[in-house]
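Colleague: Next come the chains, spelled out residue by residue.
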Amino acid sequence: MELLRWDVIVSYLPLYRDAMFLTLRIGWAGIAAAIGLGFVCALIRHYRIPVLQNIVGIYIELFRNTPLLVQLFFLYFGLPKIGLEIPAEPCGVLGLALLGGAYMAETFRSGLEAVEPIQMESALSLGMTRQQAVLHIILPQAVSISVPAFVANVIFLLKETSVFSAISLMDLMFTAKDLIGLYYKTLECLTLLVFFYLIILLPVSALGSFLERRLRYAGFGD
Amino acid sequence: MKKNWIKKTGAAVLGLILTGSLLAGCGSGSGTTAQGADEPQAQETEAEAAGTEAADAAENENAGFRTLEEIQASGKITIGVFSDKSPFGYVDENGEYQGYDVYFGNRIAQDLGVELEYVSTEAASRIEYLQTGKVDIILANFTVTPERAEEVDFALPYMNVALGVVSHNDRVITDLSQITADDQVIVISGTTAETYLTKNNPEIKLQKFDTYAAAKSAFENGTGVSWANDNTEVIAFAAENEGYTVGIDSLGSADTIAPAVTKGNETLLNWLNDEIVKLGEEKFFHADYEATLTDTYGPEFEETLVVEGGQAAAPVQN
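In order, the protein sequences belong to chains A and B.
In this text, residue positions in the first sequence follow the working numbering: the first is 1, and each later residue adds one.
In this text, residue positions in the second sequence follow the working numbering: the first is 1, and each later residue adds one.
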């Protein structure tokens, strides 16, 4: 008996391709929103803006310490009970953005805090305004320091999309499970699943390594 | 730069090894894993998890399942049931498994004289649970179909079933042709309703959920114009919840529900068949219906649903 039925694999390819596009669509929209949200939250927390920093603190702890699955269930099945109905796809984007935002905020904040205070002091003593110092001295270094953790977050978030099946989104994981349930070609389905996740994630890893090398501004580089 | 190359090649090789070992089925600990048909490992994992003597399992040549003797020797049987499909297999408020399937499962363990462990399954993973030897029997309201019969062995039936479609009261679907291109029908991944609609009505847009609980919640929240599932399930749903009507109560062919064992597990299969015939003499499944299903269906569905002694009703099948 041959190990894999290639005709089966070929016939499933279009379904997996659609699922990959769904994963990518939701993944990138969610991650883009997460980056924006995380950046703002990190600045609020780092520069201790009153009231807002408390709200951001609660948000971060709430979303970092609950699983995405629980958040999605809440958004998709819970909110309609109080009259707020969000379709599945926006729900997935929102869930990913909120979870990712919390992680990204901590990543950027750790970057900001890793920049030595002397950098700010030096910039000010050279006659820069505070805004100039933050924009031209602090942020470039903070961002470059947080790149490795940032890339790890992106990969983590893309992999988290595999729980979307809970809210009926036909992502890669659900497509595989569904096809197994329909036709019982387990090995073919799981092989395709691994393959398609690698197609999505290997380029992200590679891009991450590239960014790390190119953006090594902080410190004296190598 | 040379050092970088070494690192990269090393990482690539490591990645390949990891992928390869995953495909080879080493991950038999997780819920859905590669098929373990020729993998004695799956057997061992199961035995350890069940807390039985690993020595028994190590001697076992039948990869993927335990024979009747092995089950009796280990003193424990593992049965896969639903935990969220009231009134057939569900967990009650005290954390106990209850329902029509469970009532039968309890009797199986009692007659085998072994301890019983229930494992909660999802519709789509029922076959994998058997193929990887994680359960000895599936009693999760498993409809007999030719496709499934190629993958597992079904014992004699103990219940009749067809498909049904339940809708919200404000727009009751009484024929599939009333479903427009804008409508979505809820199905549960891995059920016969999904297979039937995929095959016979590919034009209908399906919204798929992976658990009964999720499908129910979504339907209650107004997602989907209707919900297609086993007719027993949709009748029960409409009876237990306000505002729903079963517009189509019999769709597709009349099927039966039967226990399933891993393909080739003849000793256990034969024992189950004998047991079902024997239980017919004492009208066991009528008693089962009265204990578990009367609350939901009333007495009038008893003869329609119950299959006694493995004798399925006059073949209305097409």
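Because the hints were derived from the structure by calculation, they are not lab data.
Honestly, I wouldn't trust all of these hints.
For lysine-lysine, the following DSSO-like pairs were computed, each having C-alpha atoms within a straight-line distance of at most 27 Å [said to hold, decoys possible]: (1) Lys-263/B to Lys-185/A; (2) Lys-205/B to Lys-76/B; (3) Lys-278/B to Lys-263/B; (4) Lys-185/A to Lys-199/B; (5) Lys-199/B to Lys-278/B; (6) Lys-81/A to Lys-263/B; (7) Lys-76/B to Lys-199/B; (8) Lys-159/A to Lys-185/A; (9) Lys-185/A to Lys-278/B.
Colleague: Next step is simple, just say for each hint if it's right about the structure.
Modeller: Hint-by-hint comparison with the structure:
Restraint check for Lys-263/B and Lys-185/A: satisfied, since their Cα atoms lie roughly 15 Å apart, inside the 27 Å limit. For the hint linking Lys-205/B to Lys-76/B, the alpha-carbon distance of about 44 Å lies beyond 27 Å, and the restraint is violated. Of the pairs offered as hints, the one joining Lys-278/B and Lys-263/B holds, with about 23 Å between alpha carbons and a cut-off of 27 Å not exceeded. Our distance criterion of 27 Å between C-alpha atoms is met by Lys-185/A and Lys-199/B, whose separation comes to about 17 Å.
A C-alpha spacing of about 37 Å is found between Lys-199/B and Lys-278/B, which places the hinted pair above 27 Å, so the restraint is violated. The hinted pair formed by Lys-81/A and Lys-263/B fails the criterion: a straight-line CA distance of about 45 Å is larger than 27 Å. For the given pair, Lys-76/B sits about 40 Å from Lys-199/B by alpha-carbon distance, which is inconsistent with the 27 Å threshold. For a cut-off of 27 Å, the pair hint linking Lys-159/A to Lys-185/A stands: about 23 Å separates their Cα positions.
Restraint check for Lys-185/A and Lys-278/B: the C-alpha separation of about 36 Å exceeds 27 Å, so the hint is violated.
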